Amino acid sequence: MIEGILIGLQTALSFQNLMMVMIGCFAGTIIGMLPGLGPMTAIALMIPITYGFDPATGLILMAGVYYGAVFGGSTSSILINAPGVPGTVATSFDGYPMAQQGKAGKALAIAAYSSFAGGTISAIFLLIAAPSLSKVSLSFRSPDYFGLMILGLTAVAAFSSKGNFLKAMMMCVLGLMLASIGQDTLSDIPRFTFNTMNLSDGISFVLVVMATFAMSEALTIIIKGNDPSKAAKQISLTDLGSIKVSKEETKQMAVTIPRSSILGFIVGVLPGAGATIASFLAYGMERNFVKSEEKEKFGKGSVQGLSAPETANNAACSGSFVPLLTLGIPGSGTTAVMLGALLGFGIQPGPRLYETNPEIFWSVIMSMYIGMVVLLILNLPLIPYIARILAVPRTFLIPMILFFSVTGIYLMSFNNFDIFLMIGIAVVATILRLYDFPMPPLILAFVLGGLMEENLRRSLLISDGSWSFLWDRPLTVVIMMVIILIITWQFYSSFIRKKV
Amino acid sequence: MKINSVKIISLLFFVLSAFYLYTAHQIQVFAFDEGAPFNAKTFPIYLGYAGMFFSGLKIVLPDTKPIEVDPTYLEFKKTILLVLTMIVYGATILKVGFFLSTSLFLVFSYYFLGERRWKYIIIFSFPFVAIFMYLLHGVLAVYLRDPLLKYIGIMG
Chain Y
1 MIEGILIGLQ TALSFQNLMM VMIGCFAGTI IGMLPGLGPM TAIALMIPIT
51 YGFDPATGLI LMAGVYYGAV FGGSTSSILI NAPGVPGTVA TSFDGYPMAQ
101 QGKAGKALAI AAYSSFAGGT ISAIFLLIAA PSLSKVSLSF RSPDYFGLMI
151 LGLTAVAAFS SKGNFLKAMM MCVLGLMLAS IGQDTLSDIP RFTFNTMNLS
201 DGISFVLVVM ATFAMSEALT IIIKGNDPSK AAKQISLTDL GSIKVSKEET
251 KQMAVTIPRS SILGFIVGVL PGAGATIASF LAYGMERNFV KSEEKEKFGK
301 GSVQGLSAPE TANNAACSGS FVPLLTLGIP GSGTTAVMLG ALLGFGIQPG
351 PRLYETNPEI FWSVIMSMYI GMVVLLILNL PLIPYIARIL AVPRTFLIPM
401 ILFFSVTGIY LMSFNNFDIF LMIGIAVVAT ILRLYDFPMP PLILAFVLGG
451 LMEENLRRSL LISDGSWSFL WDRPLTVVIM MVIILIITWQ FYSSFIRKKV
Chain E
1 MKINSVKIIS LLFFVLSAFY LYTAHQIQVF AFDEGAPFNA KTFPIYLGYA
51 GMFFSGLKIV LPDTKPIEVD PTYLEFKKTI LLVLTMIVYG ATILKVGFFL
101 STSLFLVFSY YFLGERRWKY IIIFSFPFVA IFMYLLHGVL AVYLRDPLLK
151 YIGIMG
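Chains as they are written, first to last, in our numbering: chain Y, 1 to 500; chain E, 1 to 156.
Keep in mind the hints are simulated off the structure, nothing from the lab. Heads up, some of the hints might be wrong.
Computed cross-link-like contacts, DSSO-like style, restricted to lysine-lysine with a CA-CA straight-line distance of at most 30 Å [unchecked claim]: (1) E:K95 <-> Y:K224; (2) Y:K224 <-> Y:K295; (3) Y:K224 <-> E:K119; (4) Y:K300 <-> E:K78; (5) Y:K135 <-> Y:K297; (6) Y:K244 <-> E:K95; (7) Y:K244 <-> Y:K295; (8) E:K150 <-> Y:K224; (9) E:K7 <-> E:K119; (10) E:K77 <-> E:K65; (11) Y:K300 <-> Y:K135; (12) Y:K295 <-> Y:K247; (13) E:K65 <-> Y:K224; (14) E:K78 <-> E:K95.
Computed beta-carbon distance windows for the label pairs [stated by the list, open to error]: (15) E:K95 <-> Y:R473: 55 to 65 Å; (16) E:A31 <-> Y:M197: 18 to 28 Å; (17) E:A18 <-> Y:S14: 46 to 56 Å; (18) E:K150 <-> Y:L475: 53 to 63 Å; (19) E:F32 <-> Y:L343: 50 to 60 Å; (20) E:F32 <-> Y:N195: 16 to 26 Å; (21) E:A31 <-> Y:L475: 51 to 61 Å.
These numbers were taken from a predicted model, which means no experiment stands behind them. No residue lacks a Cβ here, since even glycine has one placed at the ideal position from N, Cα and C.
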């Protein structure tokens with residue numbers, strides 16, 4: 001492991017990769033700060049750029065963007081009460097009241113220190129957990145992988161939007177349908193191409209991500225008529241106050257950070273859970289742990305109320321890399337985007353990645369830690385300046401997002417058809433968004449589609465067409481039981497419990 | 001059962017799944033693969049049934065979280081104009097070239113969204129695209145097709 005860490009450090013600390021971490025964190029912070037745009041959009045916008053680099057550098061850039069976007073989301077939560085991402089909603093509960101009391105600088109500093117600590121602690125957990133889990137996952141067979149993929153999709157559908165399980169499952173099926181377009185990987189038989197050459201290679205992953213996230217988010221902002229720049233006037237973005245944190249406040253954070261980190265990491269590892277659930281759980285847990293007088297301050301600018309969700313959401317980000325790197329199965333929409341990018345590089349994450357591409361495996365883990373340091377030393381002093389970006393009017397912001405989306409696809413294919421297809425998917429996605437159909441399950445399903453079909457193919461061929469492979473192995477049985485539990489719970493909580 | 005927009009979308013999805021299932025059955029597989037436990041149309045057929053199952057449930061079961069969007073608050077005009085601008089942009093980017101089509105796309109988009117400060121509109125279109133192109137084409141050596149600039153002699 002020590003050798004691996006050194007390989008990772010060597011790769012991550014090269015001049016080019018260090019620059020990529022910095023650029024990634026900076027760009028991610030700016031994009032994540034803009035209300036409505038989250039880490040998935042930020043990473044999606046970066047994918048066409050990363051294809052110009054080697055895989056390790058590309059992945060390091062994306063990891064930097066991921067952390068930067070989560071941190072950026074906290075900034076808009078605190079300053080304008082408009083969380084850039086769902087994972088930072090809980091941050092606004094105490095961060096925004098603190099900013100209203102004239103302590104915006106302090107709130108941002110607490111968020112930055114907590115994010116740093118949460119990210120650092122969970123990076124250590126990742127360092128320990130990932131190689132061990134890689135070895136365990138070598139014993140997984142095709143039926144287990146197939147089960148795990150269904151589990152991932154079901155869990156994302158269950159947790160991505162409360163009360164919308166059926167809508168999320170429909171989005172999963174739609175994602176799988178989109179992934180099935182093009183030539184069959186084994187027989188090369190064209191499927192759903194309607195005799196069009198443009199569809200014979202299938203739909204590009206970048207196209208789907210750009211359309212369903214960057215482009216449709218921009219169109220949703222326009223059609224809903226939200227104006228973030230109006231909200232930005234509530235708090236002065238030029239005078240944020242001191243960023244100094246007192247000894248008393250540091251003591252409070254020192255108690256909160258370890259427990260929120262552990263909780264955040266564990267929740268992050270679970271498929272589908274992610275930063276949003278981690279931050280809410282940490283907020284709730286912290287409220288139960290503190291003394292009654294501190295409990296009264298929750299929702300009115302509590303230091304611990306701000307520190308807990310911020311620590312947990314960053315810890316969950318590291319945790320979500322565990323299933324991606326060790327099993328090759330992303331547990332969240334954001335890591336699904338990263339898996340798609342990795343496949344684009346010709347790299348298949350999974351237990352073998354640890355052996356075949358140790359430099360990628362370890363450099364990603366090490367660059368996460370470096371990203372944390374960069375976020376703290378680069379972003380904290382620059383926050384007063386970066387915060388002014390929140391005042392950029394949407395009249396300039398939206399066309400820029402659309403421009404980057406179209407250019408991204410244009411540069412990859414030099415094809416009008418792909419641009420029109422992207423616009424079409426974006427329009428449909430915008431309508432679906434209006435009616436609360438979640439997009440992360442669609443992306444996760446689109447990325448997993450090929451792998452899922454491949455594992456189902458192997459399982460069915462081995463069992464000679466019988467579905468008994470679902471209960472032949474104890475591990476598969478356990479996975480299937482968890483899936484049934486999730487589905488039953490979703491139906492019970494949605495229909496039966498409500499009636500009672 | 002109350003008919004609302006979500007039910008209509010679910011119904012459309014049901015029809016789409018049925019069409020997908022029909023098309024999946026039409027996939028031509030190799031003769032020796034026809035009776036195999038798994039062939040090119042097996043997975044799509046399952047997907048078609050799954051889509052019909054979930055959308056069917058959504059249509060039949062009551063809405064636990066009803067959502068209705070008030071169309072009076074939606075900015076249809078701006079959105080449609082923006083989408084049309086993108087379509088024109090997509091149609092012209094190859095023929096007219098990256099520089100002119102992108103700059104004009106940005107100018108029209110800013111204008112349609114209500115921006116009237118021409119100084120900023122110009123700065124964030126033509127010079128912005130020129131700098132972007134220089135970074136991409138000149139620094140990162142990413143190929144950009146631009147027949148117009150090639151004709152003028154600016155691009156090689």
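Given hint K224 of chain Y paired with K65 of chain E - CA-CA distance at most 30 Å: Holds, because 20 Å separates the two Cα atoms, which is no more than 30 Å.
Hint check: K95 of chain E vs K224 of chain Y, CA-CA at most 30 Å. Holds or violated? Status violated; Cα separation ~34 Å.
Hinted pair K78 of chain E and K95 of chain E, Cα distance within 30 Å: holds (26 Å)
Range hint 46 to 56 Å: satisfied by the CB atoms of A18 of chain E and S14 of chain Y? Holds: the Cβ-Cβ distance is about 54 Å, inside 46 to 56 Å.
So if I understand the rule, the pair passes when the alpha-carbon distance is 30 Å or less; does K77 of chain E with K65 of chain E pass? The given pair, whose Cα atoms are some 29 Å apart, holds under the 30 Å limit.
Quickly compare the C-alpha distance for K224 of chain Y and K119 of chain E to 30 Å and report which way the hint goes. Given pair K224 of chain Y, K119 of chain E holds - Cα atoms ~28 Å apart, limit 30 Å.
Measuring from beta carbon to beta carbon, are K150 of chain E and L475 of chain Y in 53 to 63 Å? holds (60 Å)
Checking one constraint from the list: CA of K300 of chain Y to CA of K135 of chain Y, max 30 Å. Satisfied? Distance ~47 Å between K300 of chain Y and K135 of chain Y Cα, so the pair is violated.
Is the gap between the beta carbons of F32 of chain E and L343 of chain Y within 50 to 60 Å? violated (30 Å)
K150 of chain E and K224 of chain Y: Cα distance at most 30 Å? Not satisfied, since the Cα-Cα distance of roughly 41 Å exceeds 30 Å.
Take the C-alpha atoms of K300 of chain Y and K78 of chain E, compute the straight-line distance between them, and say whether it is at most 30 Å. Since the Cα atoms of K300 of chain Y and K78 of chain E sit roughly 39 Å apart, the hinted pair is violated (cutoff 30 Å).
Please check whether A31 of chain E and M197 of chain Y have a Cβ separation lying inside 18 to 28 Å. 25 Å Cβ-Cβ, so the 18 to 28 Å window holds.
Checked against the numbered hints given earlier, the structure breaks hints 1, 2, 4, 5, 6, 8, 9, 11, 19, 21 and satisfies all the rest.
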